[in-house]
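Engineer: Chain by chain, the residues:
Number of protein chains: 2
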Amino acid sequence: MVNNQLLNPKSIAIIGASNDTRKPGGNMLKNILAGGFAGNLYAVNPKEERVQGIKSFSEVMEIPQTDLAILAIPAKYCPETVKILAEEKNTKAFIIISAGFGEAGEQGKQWEQQIVSTVNSVDGCLIGPNCIGVITENYKGVFTAPVPQFNPKGCDLISGSGATAVFIMEAGMALGVSFANVFSVGNAAQTGVEDILEYMDENFDAEKDPFIKLLYLETISNPQKLLKHSSSLIKKGAKIAAIKAGSTAEGSRAATSHTGAIASSDMTVRALFHKAGIVYCSSREELLSVASIFNYKKLEGKNIAIITHAGGSAVMLADELSKGGLKVPEISGPDAEKLKTFLYPGSSVANPIDFLATGTAEQLGIIIDYCEHKFDNIDAMAVVFGSPGLFDVENVYNVLSVKLEICNKPIFPVLPSVINAQREIQSFLKKGHINFPDEVVLGKALSQVFNTPEPVSEAISLPKIDIEKIRGVINTASEGYLDAAQTQKLLDAAGIPRVTELVENSKEKMLAAMDSLEFPVVMKVVGPLHKSDAKGVVLNITSKEEVSETFDRLMQIDSATAVMVQPQLAGLELFVGVMKEPGFNHTILCGLGGIFIEVLNDVSAGLSPISNNEAQQMVQSLRGYKLIQGARGREGVNENQFVEIIQRLSALVEAAPEITEMDINPLIGTRKNIVAVDARVRVGH
Amino acid sequence: MVNNQLLNPKSIAIIGASNDTRKPGGNMLKNILAGGFAGNLYAVNPKEERVQGIKSFSEVMEIPQTDLAILAIPAKYCPETVKILAEEKNTKAFIIISAGFGEAGEQGKQWEQQIVSTVNSVDGCLIGPNCIGVITENYKGVFTAPVPQFNPKGCDLISGSGATAVFIMEAGMALGVSFANVFSVGNAAQTGVEDILEYMDENFDAEKDPFIKLLYLETISNPQKLLKHSSSLIKKGAKIAAIKAGSTAEGSRAATSHTGAIASSDMTVRALFHKAGIVYCSSREELLSVASIFNYKKLEGKNIAIITHAGGSAVMLADELSKGGLKVPEISGPDAEKLKTFLYPGSSVANPIDFLATGTAEQLGIIIDYCEHKFDNIDAMAVVFGSPGLFDVENVYNVLSVKLEICNKPIFPVLPSVINAQREIQSFLKKGHINFPDEVVLGKALSQVFNTPEPVSEAISLPKIDIEKIRGVINTASEGYLDAAQTQKLLDAAGIPRVTELVENSKEKMLAAMDSLEFPVVMKVVGPLHKSDAKGVVLNITSKEEVSETFDRLMQIDSATAVMVQPQLAGLELFVGVMKEPGFNHTILCGLGGIFIEVLNDVSAGLSPISNNEAQQMVQSLRGYKLIQGARGREGVNENQFVEIIQRLSALVEAAPEITEMDINPLIGTRKNIVAVDARVRVGH
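Respectively, the protein sequence lines represent chains A and B.
Residue numbering for the first sequence follows the UniProt record's numbering, starting at 1 and increasing by one per position.
Residue numbering for the second sequence follows the UniProt record's numbering, starting at 1 and increasing by one per position.
Simulated from the structure, these hints should not be mistaken for laboratory data.
One thing to keep in mind: the hints can contain errors.
The list makes no distinction among identical chains, and a pair is therefore deemed to hold if it is satisfied within one copy or across any two copies.
Said to hold, decoys possible - Capping the alpha-carbon separation at 27 Å, the derived lysine-lysine pairs in DSS-like fashion look like this:
id, residue 1, residue 2
1, K235, K302
2, K535, K626
3, K672, K535
4, K23, K89
5, K340, K23
6, K409, K469
7, K469, K489
8, K208, K298
9, K509, K544
Given these sequences and hints, build the entire structure.
Structural biologist: Below you can see the structure in the form of structure tokens.
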């Protein structure tokens, strides 16, 4: 777990330090020396007297007490070395860059476990193994290049892949993105991305700490910790963007029900990010574009002014903003007319504000002043200004630079002339700004940021349900699918209304009981998993004679154990469900039933517990939402009740976390009422 | 229209040439001089004796006979200057870079028209006005920087925006993309993007001409010309990618029917690109990524091997390929085992082929050899190789460079270390290769290229229809919506089956006629445009009494003129429609009816005439296609007949191009049969 010795060590020992800077142990020392580490630095290398100018110890036993040890020696020597450091040298922080551990097989995994247990025994922190290291304000503990200058206003980067961290830094630095702390967690034997976020959250200092956090994740081993500390950091003012790679790899879990088949682990990850307020990214480019946006002032509304001297870029940017739900509103009125008088004839101020190829730096300044002070329907500006290669644009970029500092509305610079204006762009970046070389990439990232909601507030109040009754069912249930009676009890205890139904395996009893139901009814086979595939559902039954015939036919279906009869309800088919990814809270799903899930996969997901507001958003983000509202003469459904049922389902799985899978499909909804018609629950223990 | 004097002039006159290279006329001359133009060059500038070392004429009358004139003088002087050149100097090609023409107002438009008519009178070619100029193999006629070296294997660039052309060249050159001919058409007063493509097509020389064409379009003034010559060029082996900016701007056409409301001009543009085989792009970055893919060998299948020494990039690339419909198939078997013996322990060959951070150049060579020669389930390779900054990767990139030349399967290089390996990447690019700095951007572009179909073959055979009968209806119809009888005649003549129906405004007549129909029936009001909004559709009518009551109620609806009765059919609701964008052939639409178009906007579009294969693709690309096939116990529809109806609709509008809008909504389909239930046709003249 992260500690002060890792972040701000008074002494660092590099085990395996080398004079050869093409070796990790050599380049690590070089970077730490070049980074001007202020504490004591020890090298251990049995073959050298001095390494890169500092005294080399021939074995680890010889070095003085040391806060942080960085190991760049073969895996097999690491467990013993760590033991000596931990027990004899009071070392509390370890970075192991060596590979050959858990990722390499069983022996490596054992070494890893040994090391973790040693480190834990002294309450220490272990980063890695199999990582590129750590950069903090105090030292440059990575063996790779580039080593970005520490900028407290830059981005913290926490990465599950060392090479990817390097590639993110390289691509970022070329855009003008700067970095603060960098953590490469490697195999994350003891400390994962979540643990570092936890530390950052619990020790957050709004005066000093970097506000932007970029994450690269391949696995999320502790999703609830990620959720908790990401939300908390964002509520404190931080901004987090993350890549979760591996989104399309199929999970290994067998999908035996609808829910299993339609849900994917990517859906759960997105639900978590959504709840936490993390911006979901799919590439290094997206991550860095979002980071660039984070670097500017916060976008507080959706109305963007596009200021340009080149029409094409403005059109493409307007297209992209509009696709992403942002707006490029028309600008008109006396102020717009006044602005026009400062521009050359032929300029347009309607938005995009196009001040022509001949537009000047002064004009740009005036336009920005008008957008900042006069145009109330503008929340932010995107300024596209390149160079056709005829003249210097430094004066333009100087104006832009000043405006970036003094304006309250965010301004996003698109400087596309990466060749013609290379020098001027470099000088602009050196002032601490970031460039968006492609206007559409900017537009997309802007929408991603704008469309990511604030983190869900922690105080989520769920509807009251009968927990005792639920525990009664769950505690006595065996693993697998619950039977109809158990399922009904759960629904009743959770306060989810359900249709009256009779289940009988004797035709005589069923016919006798029919008097309690109104025709038409629907009859379903009990037993087979996919009833409609087996033609085990019969609609529109209007007489006892038909009930009798249908009963006989249904009982002949393979695995039929009984027949169920229900009143046939008219209304809109709805669906709610639950899935469970290991480590995550339950994912609650909702949708329209029937073809909407079976054909169109139109499903919303949220991570339990679901707030009322989240449940509303889930419902409203369905592609078929208009049907819930009622479209084109069709009756809609009671939306508040649907939202409530989603929350009740969430309350149910909070009370019964053993539920691994659940479908209520369909529910039938009208304007008045929604009732569950069929449900299936699976429990594990 | 493009001519030889434009492409390969023996002499060029620059009117408005200047010693000041910050002025367009100055920089134009500088670029032409620096580009080593081999013919005679004349400058016209009344204030100078010599301009940039060449003799300057004081007026245009004084210059010798000249093939090509480039005008960089104020707009108002251009018409007279062009007249003198055309009539006295035998000039047949003109490039006008000056602004202040059609884009600036009425006076400018007049000047533009005068110039066009002068140029046309001598059968000449006019590029511009308001453009950056032209680059061909023979001269560098642009006033902007950068001026890319002419590379016959590079990309032709034809742009409707000069600044965007500059920004595309700049961003492209930074990636290693090279350029051949560049045309900036400006206002396209005489020569547009389509005309240049026409010339390229009609004069295509497969031995010499560039194969890659990049287009930036803001308007498509002659869509059919664009379609014809793009398809033709692509069939000759060319590859075309294009941006059509302005995709979200709402067209000005009033949308008075369903079809109008759901279709957009972007849909029509996409249909055209799809039919032509043009790769649709939305940004400069996408255009250049696709151009980069075009630069490599053609992807002949969907199976990609990802070869990497860095896991993270491989995971993100695999995600993106999979989202785009491409595959990263497992590699296994004896050859895979053999390959593994050449790699370091811990490497994986299962695909991604991960040969670890320590992987060598030799190993990369062996892996590529295996993918090229041994693994038959691999169609292409993506090689991700960066540098953590420890050692030189030039030997790796040398191996890659050689393999790029000799392998038959395409290899796409992702070299992400834009800082650490800057020098090695530059040297790789100098060999004529292109780098993909971001793996996900590559993955997306690869899918875009792979998912763009071949151009539709020109010989489209449409079903035989009764053209005489159709012309009879159309020729006598007045502008606006056709009445029910006319509409039925058109459907019958086009061979589109329709439901039997009665239309009456007298209740007595309707009741009398009811004997010819079977109950249940559906009754609809005739008159109002949106029947279901007005509650003008009543289902499930089972008796004459109900017919009588319903008739009275429907006739009370606003604008009701009559009532229609039809047998109520059971089956899947389908939809076909037609829209017409100015200049384009008709766009034919198809979809599932009801909520699929009203709520989900699930519509496919194709440009008439629609081939059988295209119609099939349209149907199969619907999100709800599974319902047409029959899903989960529901009966599907006769897909062949649906395809035929789409083609019949296409044949109808080919015979009656005056149709500006048409819906058949719904059609009711079963496995056996599809019939039109309601239709609406609007004609213009």
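Engineer: So, against the hints stated earlier in the document, which numbers end up violated here?
Structural biologist: 6
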